[in-house]
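Protein chains in written order, with the working numbering: chain A, 1 to 410; chain B, 1 to 410.
You may find that some hints are simply not true.
Identical copies look the same in the list; a pair holds intra-copy or inter-copy alike.
Stated by the list, open to error - Subject to a maximum C-alpha distance of 25 Å in a straight line, what follows is the list of computed DSS-like cross-link-like pairs (lysine-lysine): (1) K28 <-> K210; (2) K402 <-> K56; (3) K105 <-> K357; (4) K264 <-> K402; (5) K105 <-> K28; (6) K56 <-> K85; (7) K85 <-> K402; (8) K28 <-> K402; (9) K402 <-> K162; (10) K105 <-> K352; (11) K210 <-> K298; (12) K352 <-> K390; (13) K320 <-> K28; (14) K402 <-> K105; (15) K314 <-> K210; (16) K105 <-> K320.
Hints listed in this document are in silico derivations from the structure and should not be mistaken for laboratory results.
All of these numbers come straight from a predicted model, not from anything done at the bench.
Protein chains: 2
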Amino acid sequence: MNVAIMGHGVVGSGVAEILYTNPETIAKRTREEIVVKRILDLRDFPDSPYADRFTKDFNDILTDDSIRVVVEVMGGIHPAYDFVKQCLEANKSVVTSNKELVATKGAELLAIAAEHNVNFMFEASVGGGIPVIRPIHQCMAANNILSVAGILNGTTNFILTKMIEDNMGFADALALAQKLGYAERNPSADVDGHDACRKICILAALAFGKHVYPEQVHTEGITSLTLEDVSYAHDWGGVIKLIGQTKMLDDGRISIIVCPMLLKNSCQLSTIDDVFNGIMVKGSFTDDVMFYGKGAGKLPTASAVVADVMDCVKHIDTRKYLFWEDNHDPSYVADYLEQSVCLYVRTEKGCKDCVEKVFGPVEVLTRDGAPETEFAFITPRMVEKDARAKLQTLEEQGVEVKTTVRVGEI
Amino acid sequence: MNVAIMGHGVVGSGVAEILYTNPETIAKRTREEIVVKRILDLRDFPDSPYADRFTKDFNDILTDDSIRVVVEVMGGIHPAYDFVKQCLEANKSVVTSNKELVATKGAELLAIAAEHNVNFMFEASVGGGIPVIRPIHQCMAANNILSVAGILNGTTNFILTKMIEDNMGFADALALAQKLGYAERNPSADVDGHDACRKICILAALAFGKHVYPEQVHTEGITSLTLEDVSYAHDWGGVIKLIGQTKMLDDGRISIIVCPMLLKNSCQLSTIDDVFNGIMVKGSFTDDVMFYGKGAGKLPTASAVVADVMDCVKHIDTRKYLFWEDNHDPSYVADYLEQSVCLYVRTEKGCKDCVEKVFGPVEVLTRDGAPETEFAFITPRMVEKDARAKLQTLEEQGVEVKTTVRVGEI
Numbered sequence: 001m002n003v004a005i006m007g008h009g010v011v012g013s014g015v016a017e018i019l020y021t022n023p024e025t026i027a028k029r030t031r032e033e034i035v036v037k038r039i040l041d042l043r044d045f046p047d048s049p050y051a052d053r054f055t056k057d058f059n060d061i062l063t064d065d066s067i068r069v070v071v072e073v074m075g076g077i078h079p080a081y082d083f084v085k086q087c088l089e090a091n092k093s094v095v096t097s098n099k100e101l102v103a104t105k106g107a108e109l110l111a112i113a114a115e116h117n118v119n120f121m122f123e124a125s126v127g128g129g130i131p132v133i134r135p136i137h138q139c140m141a142a143n144n145i146l147s148v149a150g151i152l153n154g155t156t157n158f159i160l161t162k163m164i165e166d167n168m169g170f171a172d173a174l175a176l177a178q179k180l181g182y183a184e185r186n187p188s189a190d191v192d193g194h195d196a197c198r199k200i201c202i203l204a205a206l207a208f209g210k211h212v213y214p215e216q217v218h219t220e221g222i223t224s225l226t227l228e229d230v231s232y233a234h235d236w237g238g239v240i241k242l243i244g245q246t247k248m249l250d251d252g253r254i255s256i257i258v259c260p261m262l263l264k265n266s267c268q269l270s271t272i273d274d275v276f277n278g279i280m281v282k283g284s285f286t287d288d289v290m291f292y293g294k295g296a297g298k299l300p301t302a303s304a305v306v307a308d309v310m311d312c313v314k315h316i317d318t319r320k321y322l323f324w325e326d327n328h329d330p331s332y333v334a335d336y337l338e339q340s341v342c343l344y345v346r347t348e349k350g351c352k353d354c355v356e357k358v359f360g361p362v363e364v365l366t367r368d369g370a371p372e373t374e375f376a377f378i379t380p381r382m383v384e385k386d387a388r389a390k391l392q393t394l395e396e397q398g399v400e401v402k403t404t405v406r407v408g409e410i
Numbered sequence: 001m002n003v004a005i006m007g008h009g010v011v012g013s014g015v016a017e018i019l020y021t022n023p024e025t026i027a028k029r030t031r032e033e034i035v036v037k038r039i040l041d042l043r044d045f046p047d048s049p050y051a052d053r054f055t056k057d058f059n060d061i062l063t064d065d066s067i068r069v070v071v072e073v074m075g076g077i078h079p080a081y082d083f084v085k086q087c088l089e090a091n092k093s094v095v096t097s098n099k100e101l102v103a104t105k106g107a108e109l110l111a112i113a114a115e116h117n118v119n120f121m122f123e124a125s126v127g128g129g130i131p132v133i134r135p136i137h138q139c140m141a142a143n144n145i146l147s148v149a150g151i152l153n154g155t156t157n158f159i160l161t162k163m164i165e166d167n168m169g170f171a172d173a174l175a176l177a178q179k180l181g182y183a184e185r186n187p188s189a190d191v192d193g194h195d196a197c198r199k200i201c202i203l204a205a206l207a208f209g210k211h212v213y214p215e216q217v218h219t220e221g222i223t224s225l226t227l228e229d230v231s232y233a234h235d236w237g238g239v240i241k242l243i244g245q246t247k248m249l250d251d252g253r254i255s256i257i258v259c260p261m262l263l264k265n266s267c268q269l270s271t272i273d274d275v276f277n278g279i280m281v282k283g284s285f286t287d288d289v290m291f292y293g294k295g296a297g298k299l300p301t302a303s304a305v306v307a308d309v310m311d312c313v314k315h316i317d318t319r320k321y322l323f324w325e326d327n328h329d330p331s332y333v334a335d336y337l338e339q340s341v342c343l344y345v346r347t348e349k350g351c352k353d354c355v356e357k358v359f360g361p362v363e364v365l366t367r368d369g370a371p372e373t374e375f376a377f378i379t380p381r382m383v384e385k386d387a388r389a390k391l392q393t394l395e396e397q398g399v400e401v402k403t404t405v406r407v408g409e410i
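The following block holds chain A by itself, in its conformation from the complex (with noise of 0.2 Å):
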């Protein structure tokens, strides 16, 4: 069967050098041949192994016929969209590692999908090539997904390790991701949690059936995070991880967010480090259940696309139920700051006596060689917006609150 590949970035190229490398294995697994016919690119490759695949027509994908399953690995929303749009109201299969995508076109081109009866695969948009997408919605299809909590982002996760395990500040973090290659020069999608957010935005659809909006989400990176913070929280027993988390509440609205938070050395999410992922999944049946890999990287990656081009031919005419409703109600989303949390609050000139006066009782943090002046505490539980109305009359009263940072509850 013919397919194409639009994109020969760092994904794409591994895709193409996956179908490659590997035709007889792929093919004794699909029970049939996968040919790549075409790759759109606007740049020429002209000593590529395939030199003779490129166009830079996307009409020479769309207009044949023969070509039944096409791959988006573009990245971005313009032209991926509209060709994706194209290729499945042409009845052509589409398999897409763009979450970008997915987090905001996912429910339409599903919808468009389910209309001309082709499938809408995107198994690599979360986690890379840990599976993921089709566990929670195949193996756990029995349960009701109560609530997903993950590291959904290597970059973040890695600088967060260094941070941790060699007491390197986040700017130091930083640049040496970069010079690894795991951060790009414009760092701002991993650290500011953007990348989190589109993946947690997928799960949460594919979980609950509705979709949720990027913007919709509230999202924290972990550039104001620093070595204090960190600190405590190993005192404290526990690691700083930047989380992205969404749960079912009893009233059929969801929670979701992205931020750091502090988690105990017992929970399974605190042992991923480095540029590791996993995804944590509770369903009403199997309870805690965890998915964990690299999340990212050219190979993994391209490796779950492949999965889905073979799961694509070997179904060609056979609908995967994979779907999701569109949802344009703002309450189906609720307000971060009416949920209960507990905060992990770092202040300058704080001290037990004034907190508790605000606060009640609290739960006080040490580490090894803080100033006099810095004191850092645990908030009882509470609503978070009363919570930040706490902290408000703390800083009237001369307190500088520092970083706050939710205790995670996974």
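Put chain B on the given structure of chain A with help from the hints.
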């Protein structure tokens, strides 16, 4: 669509419960109602809410053409094997959680299923509710699987966790596991490694495409481990876990073993405690991915069975190409004694000098409160047969070898 359940024990009653309590959710996801038409059990369940569905006659299921999917959750080989075979031959898809059946008859039953264009599925046979069969088979389909290693038995992992964390002896930890319902009155299948052995056989067959029979696998349990060994492992910077492991060797043969292993604390499997399971799979492209969760229990396991049933119903006329060859070539499984290992060894009356005269330089281990006459070490890497011969030499010199444990290389 009508289905039948053979066996109304722990898992079987869970399957019925899930199908009866969630019919709308399940029907929405499969696009078809699933009706339990018959439940086979020799016992009477007059107070069951589905008392009218029970039968003691297998033919009520076999000859009912409206029953297209049959769940086998009786356990054991007889009569499960015979019933499953007849169902497949009658063009019914079969879903099972029976690891003994899959590990001993899997290749044959898969072949019969293929011949009759129906499905034979067994997600629940490894890892209970943890997704593992489908992720390896589908999500990692573009990879060659290089190795699989896992904590595959929750009972022994609970016992070892109690030994490690609470300094509880093996017998006490086993008694506690029995009291809590984690271990059976006759705990042999768990503590002697047979349960883990069946699971690693299934994983090896799935990963490498050829059936491996349990009797081909060198299997050791945890009954000879002591608190002294646990303590040495701790001082070495690790823990002892019961591991099932299989690797593809360069010559096309495989290694496969079930035994306690010393794991460094940096190994992700070392973080898996209590009744949890973890299965680490190394793919040629993905590198290590791990699946984690509760590996047993009524509802987690039953939910995995129901997910397979839903998959069968959704694809009732589509074959899933899950398949492995039968294999009776004894040379396919390499002799474990020919593999190279490092061994942890605890002795009475050993000493650095006498041990190093036989082994060359060894890594000497320490623990608090060790008696003068105790000496523990880790051998250099060598073929296991040679290491065993050297231990024999030591014994001939009056050194008593109390415990040996392989050092894990996951």
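Hint check:
1. K28 <-> K210: Close across copies (14 Å), not inside one copy (37 Å); limit 25 Å.
2. K402 <-> K56: neither (52 Å within a copy, 70 Å between copies)
3. K105 <-> K357: Result: close neither inside a copy nor across copies, 49 Å intra and 69 Å inter.
4. K264 <-> K402: So K264 and K402 pass the 25 Å test inside one copy only (22 Å; across, 38 Å).
5. K105 <-> K28: between (34 Å within a copy, 23 Å between copies)
6. K56 <-> K85: within (18 Å within a copy, 54 Å between copies)
7. K85 <-> K402: neither (47 Å within a copy, 68 Å between copies)
8. K28 <-> K402: neither (59 Å within a copy, 49 Å between copies)
9. K402 <-> K162: Answer is within; shortest intra-copy Cα gap is 21 Å, inter-copy 41 Å.
10. K105 <-> K352: neither (49 Å within a copy, 67 Å between copies)
11. K210 <-> K298: Classified as neither; 30 Å inside a copy, 30 Å across copies.
12. K352 <-> K390: within (14 Å within a copy, 64 Å between copies)
13. K320 <-> K28: both (22 Å within a copy, 13 Å between copies)
14. K402 <-> K105: Close neither inside one copy (38 Å) nor across copies (63 Å); limit 25 Å.
15. K314 <-> K210: This pair counts as between: shortest inter-copy Cα distance 22 Å, intra-copy 28 Å.
16. K105 <-> K320: Classified as within; 18 Å inside a copy, 30 Å across copies.
The structure fails hints 2, 3, 7, 8, 10, 11, 14 (numbered hints given earlier, in ascending order).
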